[in-house]
Structures are given as C-alpha cells and as structure tokens.
Amino acid sequence: MENRNNENLRELFEKFFDAEQAESCVEDIQKAERIFREHPAPEPDDMLIANIKAEIAMRLQAARAHRFKRIIYEIVGAAAVILFVASVSLQLFEKDVPGPGEAVYASLIPTAIWESDDIAADDEDLAVYTAQIEQIEDEVLTLQSDQDTGNGDSTIVELEMELIEINSDFWKG
Amino acid sequence: MTESNDLARVITGCQRDEAKCFAQIVDLYASRCYGYFYRLTGNNDISDELLSELFVKLVEKIGSYKGGSFESWLFKIASNIFHDHLRSKQRRKKLLETQKTELESETTEPKQSDGGLTDKLQIQLARLDEETRELIMLRFYSQLSFKEIAQMRAEPIGTTLAKTHRALKKLRELMEG
Numbered sequence: 425m426e427n428r429n430n431e432n433l434r435e436l437f438e439k440f441f442d443a444e445q446a447e448s449c450v451e452d453i454q455k456a457e458r459i460f461r462e463h464p465a466p467e468p469d470d471m472l473i474a475n476i477k478a479e480i481a482m483r484l485q486a487a488r489a490h491r492f493k494r495i496i497y498e499i500v501g502a503a504a505v506i507l508f509v510a511s512v513s514l515q516l517f518e519k520d521v522p523g524p525g526e527a528v529y530a531s532l533i534p535t536a537i538w539e540s541d542d543i544a545a546d547d548e549d550l551a552v553y554t555a556q557i558e559q560i561e562d563e564v565l566t567l568q569s570d571q572d573t574g575n576g577d578s579t580i581v582e583l584e585m586e587l588i589e590i591n592s593d594f595w596k597g
Numbered sequence: 032m033t034e035s036n037d038l039a040r041v042i043t044g045c046q047r048d049e050a051k052c053f054a055q056i057v058d059l060y061a062s063r064c065y066g067y068f069y070r071l072t073g074n075n076d077i078s079d080e081l082l083s084e085l086f087v088k089l090v091e092k093i094g095s096y097k098g099g100s101f102e103s104w105l106f107k108i109a110s111n112i113f114h115d116h117l118r119s120k121q122r123r124k125k126l127l128e129t130q131k132t133e134l135e136s137e138t139t140e141p142k143q144s145d146g147g148l149t150d151k152l153q154i155q156l157a158r159l160d161e162e163t164r165e166l167i168m169l170r171f172y173s174q175l176s177f178k179e180i181a182q183m184r185a186e187p188i189g190t191t192l193a194k195t196h197r198a199l200k201k202l203r204e205l206m207e208g
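Line by line, the protein sequences are chains A and B. Going left to right, the first sequence walks through residues 425 to 597 as the working numbering numbers them. Going left to right, the second sequence walks through residues 32 to 208 as the working numbering numbers them.
None of these hints come from the bench; they were simulated from the model. These numbers were taken from a predicted model, which means no experiment stands behind them. Just so you know, not all the hints are guaranteed correct.
Covered stretches of chain B, as calculated for chain A (at least 3 residues, CB under 8 Å) [to be verified]: (1) 43-55; (2) 69-78; (3) 81-94; (4) 150-164; (5) 182-193; (6) 198-208.
Using 27 Å as the maximum straight-line C-alpha spacing, the simulated DSS-like pairs for lysine-lysine come out as follows [said to hold, decoys possible]: (7) B:Lys178 to B:Lys92; (8) A:Lys477 to B:Lys97; (9) A:Lys477 to B:Lys92; (10) A:Lys493 to A:Lys477; (11) B:Lys201 to B:Lys107; (12) B:Lys88 to A:Lys493; (13) B:Lys51 to A:Lys477; (14) A:Lys439 to B:Lys178; (15) B:Lys107 to B:Lys194; (16) A:Lys455 to B:Lys178; (17) A:Lys493 to B:Lys51; (18) B:Lys201 to A:Lys455; (19) B:Lys200 to A:Lys439; (20) A:Lys493 to B:Lys92; (21) B:Lys51 to B:Lys88; (22) B:Lys124 to B:Lys88.
So these bits of chain A aren't anywhere near chain B, every CB distance computed over 10 Å [stated by the list, open to error]: (23) Ala504; (24) Ser569; (25) Glu582.
We put the beta carbon where it would ideally sit given N, CA and C, even for glycine.
Given the sequences, and given the hints that come with them, work out the whole structure.
This is the structure we're talking about:
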C-alpha cells in the first residue's frame, strides 16, 4: 500500500479537468488513501498460506508426473507404430518382390513335381528336363548364328515343333 | 539487481514449475490479494477460498503470462475469480431465494461472525455498489496505475478517473458522516 504507483495524479487529472477540479480530485484520492491506511484489511492466516504453498507443490508434482506419463505413452505409441509399419512393410516386400530366380523356377517346374513324394523319380525327371532345356539353349544359340548368316527358317520350324513336344510331355508330368 | 528484475526472475522460475518461486509469489502477493478479496466480500472464509483459488489458477495460467505488468495480470485473474464467485452466489441465491440465508448478506452486510474484525471501512464499503467497490479495491490493493486499471477494465482512462474519484468521494463522505 505504501509503494504507490509512480504516476503523477495531478498531471493526469489536469488532462480531463481544470486545475481547480484536478486539485480537488487529487485531494479526495489522497484522503481516501489515508482512510485505507488507517483501516488495514486483515492479513491471511499463516496456516492458509502454508496450505496454499503445499497445494501448489502438490499440483506441480502431479503435473510433472502427468507430463512424464504422457511422454512415455507417446514414445511407446510411436515405437508400436514404427514396429507395425516395419513388419507390414517387410511382409509386403517379401511377398511382392520375389527374387528373379524363384520366378523362373516356379514357371518351369510343373506342379506334379512339387506335389510328388517320390524324390528319386522327381530327380530323374528334373535331370531330363534340365538336359532338354540345355539342348534348347544350344539350339537357340545355333539358330541365332544361322540367322546371322541368313539360312535358319527350316531350323526354326523344327525347333518350334520340338519345344511344343517337350512342353506337352513336361506338363503331363 | 532491481526489484523488477527480481520479480522477472521469480516469474521465470514459476514458468519452469519451480515450487520455491511460486512460494515467493505467494509471499509477495498474498497479503494484497487477501485484502482485495476481503474488502470485496467482507468475509474471511470466502476470502480464504478465493485466495487459494487465485494461486491455484496462477499455477495453471503462468504459462500464458507474456510479460507486461504482472500485478495487472494477477489482479485480472483475481477480478475474474471474484466475478465467478458473484455469479455462483447469484445462482445459489436464486435456488434459495425463499429462504432468509446468510448467503444473501455475504457481501452487502458484513458479519460480526468474523471475530469482530469488521471495521468501519468495511461497513461503509458495503454501502457502495459492486462495480464501484471493485474499482476502489483495484486502485488500493493492486497498486496499478489508473492507466493500467483502465486497460484492464477496457474503458477510457477518463472514465476510470471519473468513476474512481466519484467512488472515493462518496466513501470519504460515508466515513466522515
């Protein structure tokens, strides 16, 4: 109450009232100030102040704990999302982008061999098919060299016939 | 270090959730804020409640303090708390209007139940209307300048000066009468 505002009351009132009125206003305010000084309000109880401080400390602690929990939940949530996305991505990646070798074998080896339990017979068949494929490869190479020289028409017809035959035998198993 | 620098440092501490800085703010302002509430309500118990509520609100809102007059900011919260109290009292009054209760005379007629602390000033203040009483309390307990009070009340400074002068003159007449 003693440390009043630093404003110049007289100057302030003179902006709105004439000098005499301003003087009277300032006097009224100063007298009222004296009344307040002579009649101080009661002070808050020490116990009340202690309780307020304790309440503040408790609230700050609760707020801190709440913030910590929220951070933990956010971290756990983010980690869960990352793990989920990573696992789904891996699965999709493995499913959608097979190795080039796998795709070739899948198209060449008939279902009958995959489903068969007779390993010895299947090995024999595979050996035959592999030999035939190698033979075709050789013939393709020969054909290419014939084409280069310009006389491969009849060889192509023969080769096509042979391929059709092999293919038909192959899918019969 | 100046007083305002000290206060700024304490406020920064509060914004970092340091309990001891809040305790310093309580020590600095409890007396003035209590006087403000007491002179408005004339009741110790209600003033206790409002003061506690004020400092709890301070903890919640300190992050929104962006500089400027801290007193002005603090007493704006105090003023809002007092108005919330008045509104809730009005609601209670409506519910209990048929009964003659203490609630009706809470602020307008100071009680002797406050351990005989009710003084002449409190009795005369009770004769003023709520707006006038609050204006005087802001002037004498917040230590705000008229300019700051006018800003807080969102009215021209001339209006604040005229109202305050009228109110204080009336209070002086009542006290001298």
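Here's how the hints hold up against the structure:
1. 43-55: holds (count 4)
2. 69-78: holds (count 4)
3. 81-94: Our answer is that it holds, as 5 residues pass the Cβ test (under 8 Å) against chain A, meeting three.
4. 150-164: holds (count 4)
5. 182-193: Holds: 4 residues of the stretch 182-193 of chain B have a Cβ under 8 Å from chain A.
6. 198-208: holds (count 5)
7. B:Lys178 to B:Lys92: OK: Lys178 of chain B and Lys92 of chain B at ~24 Å, within 27 Å.
8. A:Lys477 to B:Lys97: holds, 23 Å
9. A:Lys477 to B:Lys92: Status holds; Cα separation ~16 Å.
10. A:Lys493 to A:Lys477: Given pair Lys493 of chain A, Lys477 of chain A holds - Cα atoms ~24 Å apart, limit 27 Å.
11. B:Lys201 to B:Lys107: holds, 25 Å
12. B:Lys88 to A:Lys493: The given pair, whose Cα atoms are some 23 Å apart, holds under the 27 Å limit.
13. B:Lys51 to A:Lys477: holds, 9 Å
14. A:Lys439 to B:Lys178: The hint holds at about 13 Å.
15. B:Lys107 to B:Lys194: Satisfied, since the Cα-Cα distance of roughly 19 Å is no more than 27 Å.
16. A:Lys455 to B:Lys178: holds, 21 Å
17. A:Lys493 to B:Lys51: holds, 24 Å
18. B:Lys201 to A:Lys455: holds, 12 Å
19. B:Lys200 to A:Lys439: Satisfied, since the Cα-Cα distance of roughly 20 Å is no more than 27 Å.
20. A:Lys493 to B:Lys92: Holds, because 21 Å separates the two Cα atoms, which is no more than 27 Å.
21. B:Lys51 to B:Lys88: It holds: about 17 Å lies between the C-alpha atoms, which stays within 27 Å.
22. B:Lys124 to B:Lys88: holds, 25 Å
23. Ala504: Given a closest Cβ separation of 29 Å, the condition holds.
24. Ser569: holds, 84 Å
25. Glu582: Fine: 89 Å to the nearest Cβ keeps Glu582 of chain A off the interface.
In this structure, every one of the numbered hints holds.
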